[in-house]
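Mind docking chains B, C and D with the ligands on chain A? Use the hints.
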Amino acid sequence: MTLVEEPASQAAPVPPRRLTMAKAMVEGISAEMERDDAVFYMGEDVGAYGGIFASTTGLLERFGPERVRDTPISETAFMGLATGAAVEGMRPIVELMFADFFGVCMDQIYNHMAKIHFESGGNVKVPLVLTSAVGGGYSDAAQHSQCLWGTFAHLPGMKVVVPSTPADAKGLMIAAIRDDNPVMYLFHKGAMGLAWMSKTGRALGDVPADAYETPIGKAAVARSGRDVTVVTVSLSVHHALDVADELAADGIDVEVLDLRSLVPLDREAIFESVGRTGRLVVVDEDYQSFGMSGEVMATVVERDPSVLAAPPVRVAVPDVPIPYARSLEQAVLPTPERIRSAIERVMG
Amino acid sequence: MTLVEEPASQAAPVPPRRLTMAKAMVEGISAEMERDDAVFYMGEDVGAYGGIFASTTGLLERFGPERVRDTPISETAFMGLATGAAVEGMRPIVELMFADFFGVCMDQIYNHMAKIHFESGGNVKVPLVLTSAVGGGYSDAAQHSQCLWGTFAHLPGMKVVVPSTPADAKGLMIAAIRDDNPVMYLFHKGAMGLAWMSKTGRALGDVPADAYETPIGKAAVARSGRDVTVVTVSLSVHHALDVADELAADGIDVEVLDLRSLVPLDREAIFESVGRTGRLVVVDEDYQSFGMSGEVMATVVERDPSVLAAPPVRVAVPDVPIPYARSLEQAVLPTPERIRSAIERVMG
Amino acid sequence: MAAVARSDQRLDAPTGPDAPSHLDAPTGPDAPSRLDAPTRLDLYRTMVLIRTFEERIRQEYHADKTPGFDIGAGKIPGEMHLAAGQEPVAAGVCAHLRPSDALTATHRPHHLAIAHGVDLAKMAAEIFGREGGLGHGRGGHMHLFDPAVHFSCSGIIAEGLPPALGQAFAFRQRGTDGVAVAVTGEGAANQGAFHESLNLATLWQLPVVFVVEDNDWAISVPRHASTAIGDNARRAAAYAMPGERIEDNDVEAVYEAAGRAVERARAGGGPSLLEVHTLRLWGHFEGDPQTYRTDLATLDEVDPIPRYRRRLMEAGELDQAQVEQIAADAAAEVDRAVQFALASPVPDPSTATAYVFA
Amino acid sequence: MAAVARSDQRLDAPTGPDAPSHLDAPTGPDAPSRLDAPTRLDLYRTMVLIRTFEERIRQEYHADKTPGFDIGAGKIPGEMHLAAGQEPVAAGVCAHLRPSDALTATHRPHHLAIAHGVDLAKMAAEIFGREGGLGHGRGGHMHLFDPAVHFSCSGIIAEGLPPALGQAFAFRQRGTDGVAVAVTGEGAANQGAFHESLNLATLWQLPVVFVVEDNDWAISVPRHASTAIGDNARRAAAYAMPGERIEDNDVEAVYEAAGRAVERARAGGGPSLLEVHTLRLWGHFEGDPQTYRTDLATLDEVDPIPRYRRRLMEAGELDQAQVEQIAADAAAEVDRAVQFALASPVPDPSTATAYVFA
Ligand SMILES: Cc1ncc(C[n+]2csc(CCOP(=O)(O)OP(=O)(O)O)c2C)c(N)n1
Ligand SMILES: Cc1ncc(C[n+]2csc(CCOP(=O)(O)OP(=O)(O)O)c2C)c(N)n1
Ligand SMILES: [Mg+2]
Ligand SMILES: [Mg+2]
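Protein chains in written order, with the numbering used here: chain A, 6 to 353; chain B, 6 to 353; chain C, 1269 to 1626; chain D, 1269 to 1626.
Hints were generated in silico from the structure; no laboratory data involved.
Just so you know, not all the hints are guaranteed correct.
[To be verified] Restricting the straight-line Cα-Cα distance to at most 35 Å, the calculated cross-link-like pairs of lysine-lysine (DSBU-like) are:
# : chain 1 : residue 1 : chain 2 : residue 2
1 : C       : Lys1343   : C       : Lys1333
2 : D       : Lys1343   : D       : Lys1333
3 : A       : Lys130    : A       : Lys223
4 : D       : Lys1343   : A       : Lys130
5 : B       : Lys223    : B       : Lys130
6 : B       : Lys130    : C       : Lys1343
Owing to the predicted nature of the structure, the values given are computational and were not obtained by experimental measurement.
Next up, chain A with everything else stripped away, as it sits in the complex:
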């Protein structure tokens, strides 16, 4: 996370607090809603409920029902509404409750939101943020557990950010709201720090109190290491860090690269790290084929395949819908066990 562009606030600097990702995300939204009247939030159950995954807790109370709007279950209509409002200079944040639901409104997303700027030859801007919950691990089965970032990143015109830490959740939210492009902001339910979902010990994190931007399109070295690079995003960053800590004891020094943005993709950071370590594991909670894991590998080899001292390995969902039963779901998710054995394999 990098602090950029924000002039120091007038008040004395407040020290960072430890927040959940959900609280940090809401803090970013609040700060921008405070600063800019054009920002408003809409989606299903984002008002009185505060967002099924706590993405909007407290916003209704603070900003009222004109700026925090519950919608009917009409995703095509309200995604399009966001686009139209953005075209007219507002800065909507619009929530798709689960990314899995994209299929009911994808035309508005990828044929309109994403393409209008291009089709207009740059004359029309669509500054909005599309937030959505992703990820599994709590037995929500095939239609409520997907990540799908590979799908969104494949289609041009939307930026795609995927925070893993509370600090980045806030900084990327602020950056996304201020960006003049449509930005998809995908938050992992298992990383939000919800009281009612089991979570990683890394769910809490230091979050600066002031308004800052995390730059879109820059990866972060979540842990630096010499022996092998794990390229990943979102909840898997935490798993990778856990595994790295374990493996340190075995003398394997793992570098963990948190991409944070898929579009734009920080190809320099990937190549730089893998060029140094010579070994690559890609961890991706999305489906394996035709997605992020292949793209990361291609990024390395289309520059120079000879940097690879061993075949790279991917840990992703093996092209199967997410099964319901816990035993099956855990078998297809990129668990710490699978990450660990992938690293061991690539270490030879």
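Okay, now just chains B, C and D with the ligands, sitting in the frame of chain A:
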């Protein structure tokens, strides 16, 4: 193309005729509709019009309006209708007029059609074929020129076939209809041999008269060569073959691998060819990032990066919506010129 | 108050011998019943079985999620949408269906599954994520498929409607008199799939009955914030089909209206739309804090099962001994189902990638 | 025959001072006009300008596609959907709009763009794929964006409706009295986006006017095969908004009905739905063989422009000299636009990846 499983027809064998891809596709559909009452075709303008891209010419006259059905412009409803009919034992063929329109009905496709078999633990089958026109090159702009096969192939549960030749168009259609899974069948407008669209000289091809299946999941070596492997699909196969013929004169012996199916993907064939030539160019009319081109590269390197004598190169749409103006569209499509220079680059 | 509100928007609806005639004497909880005693007892039995199942699932679901509710923990993990209060819809509609008729349900599917005769033990096993479940544990409670009775459901709201069209289409093409019923919530009725499906059903004259369960809520969003009109049955006119709204969560009114609609479809008269004003007795899903809800205190009074029980007892068609027997039978059947589920093995992780393709 | 058919399904529609009152004397081509002469001349002029443009584009489009029609060849490549016959909709509706009002059109957008005041030269340049076009040649004829008059269109049917909601929403939040008009075809009115958009517009009381252009055809599919009812205006009742169908492609009836709807929206009275029975004089797109069409022989008789010209001449409000002047002015304006387009450079291929992000 391989002839399989079909007992010799009673009539004397008819020699292959030279047909367009459109005619060959319709021939495959007709043969199966003749053989199996459960097969029917529906979509927009597939009746009296015969399919905007001639995918159903003559079917209405031959099979009548009960089995060749024009639908309203309600893709969600009729995609779902296809799924429901398939679940009850019919074998629908359902046309999405342009693949670009998937966003209005993607939920029915990927959350229902594609997942029901899995969610039912194998107890429900969804035998249907989803046909759709793909591709650009005639200035139909950002919403009517896309290939999008990377999007479909990323999501599990649908097979995805992409014929390039008339013979495969027929054989893959028959195989798709007989398959007990939902199969997406993507035909390139520019390869259909339409009278009103400029076409490759390779648009006509020999087509056996009998009913045969082209196996789903097996790539074809469209041209064998020693120096470099071009992995591609659909219309780009023809461009690659044209370029290969040109380069032969310069002493470069190009192998062209026509994947034909993206799901399942014939990874053996890819690795075998690149393992032999040591050089890889992927040509993909879909968007470059997070798609087929990355997947093909990953397929090679996750087995053995050392087979690559040079960095592989991709020729794909550079993550930009398809522009309208001819000068711009031709600059982003994988034209023979771009393919040629990619091959020259990878040859060093 | 008439429990069966006739839509005044059926101007386009076909009339004639197949059209439903429902302008007879008012029915409803306060009117004398027109159903015979065995039918009424069956409706009651079905409702009790459903409630018994839902209560047991609720108990099993929460049993091992303490201390502190953890949605992913326990024998039954994940989201759990129970239908307590909506039994009248399931019992009233499904009483007219045969195992060969299709039913597509929503994310809140158990009541409909039970009333339509889905195998209770395999359904329980699926909910517990076991190998013996309807989907070998792959589907979970929002993805129940029982081909034996043409039952399915989906976690994506309103998207169960289009497949029902296809089932109805197949029945008709095959020359059977099968009917498909497609159920959706009132919140979901504002999704595009609703519009497209109703239009296509009329155009192709498909034997479908659309049923909207109006339980006043879509998670935390009240009906008036989701739906521009007060009565979805009036939307039927936009598709030239008959529409009826059943007020007051009255199982007998549902039974009668559904009977007309199913018969109409079976006889080739085309689709119909019913909306039932029903009740979400519990949270949207288990764990829902329901802080947005103001009617919590009065819910018990409108619980349809005790209400129907009183009515039958007052009519002298049910006595205390029968009440106890029906409760005991239901408890035993549910217990057998749960025991079956618990005895069924947890799926082997090595089979996690099975069943993607046939 | 009354040209303005009052929907009998407006039961839910708000009444009161803002509600449209359109039960006055019948209007229509055979009735005496209630519009003043300058307004009528303006309507005529707009229609002539549109037709002149469409005829010129048609001519340029085909000029260099011979011998043998090649869709991708020539100065104007790609699909080309012209709106000849539908001028009354554009002229009648847009006469009430200000440049600050928004209009979202369909894949057949030119008539609406012209009537709403989109820059004709830049629009022509876009259609020719030139750097001087509205979208620097990136968009093409289905993707015209002119922020100066808040105009846009889309090649995906019905999907232009949702963005119009957002424009209306922004106007209202900003405290202006801006209105958004969203146009769709009768075929497109069976797409889910239609339903969702109308419902949301009423719920949020947005200043939107929905206009359905019913030209009897969706490519080759006739209206009766796409739409379960004969009159889409009756669907307005499903969303508690007023709906009117205008028969007979009558520009004055469109003008009057649109005036009521736009005023209602502007005054905070919420959305309305209009359906205009109009005419697709030419093929769906250029090159359409139209073999499915049986009414080709009689089309010229119903061409709305000569009909309106005769009407104005009979009323003594237009004479032959004016007719010629108007035609000449239109031809000159169109010619200037086409000359501008042809003089504008072809986009440089090296800029093909520009404009993906702002
Ligand atoms: C397309 C889609 N959008 C949103 C959701 C999330 N969701 C699940 S149930 C629900 C509320 C449904 O309300 P209603 O249709 O009234 O059914 P009820 O839950 O009241 O039975 C929502 C918003 C979903 N499953 N699918
Ligand atoms: C979602 C979607 N489905 C299909 C199409 C292909 N298509 C383009 S125009 C058209 C017919 C539209 O008919 P209508 O809405 O009546 O408009 P008209 O062409 O008559 O003006 C179709 C099917 C599309 N553009 N978008
Ligand atoms: Mg509800
Ligand atoms: Mg039309």
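Name the hints, by number, that the structure is in violation of. As far as the earlier hints go, not one is violated by this structure.
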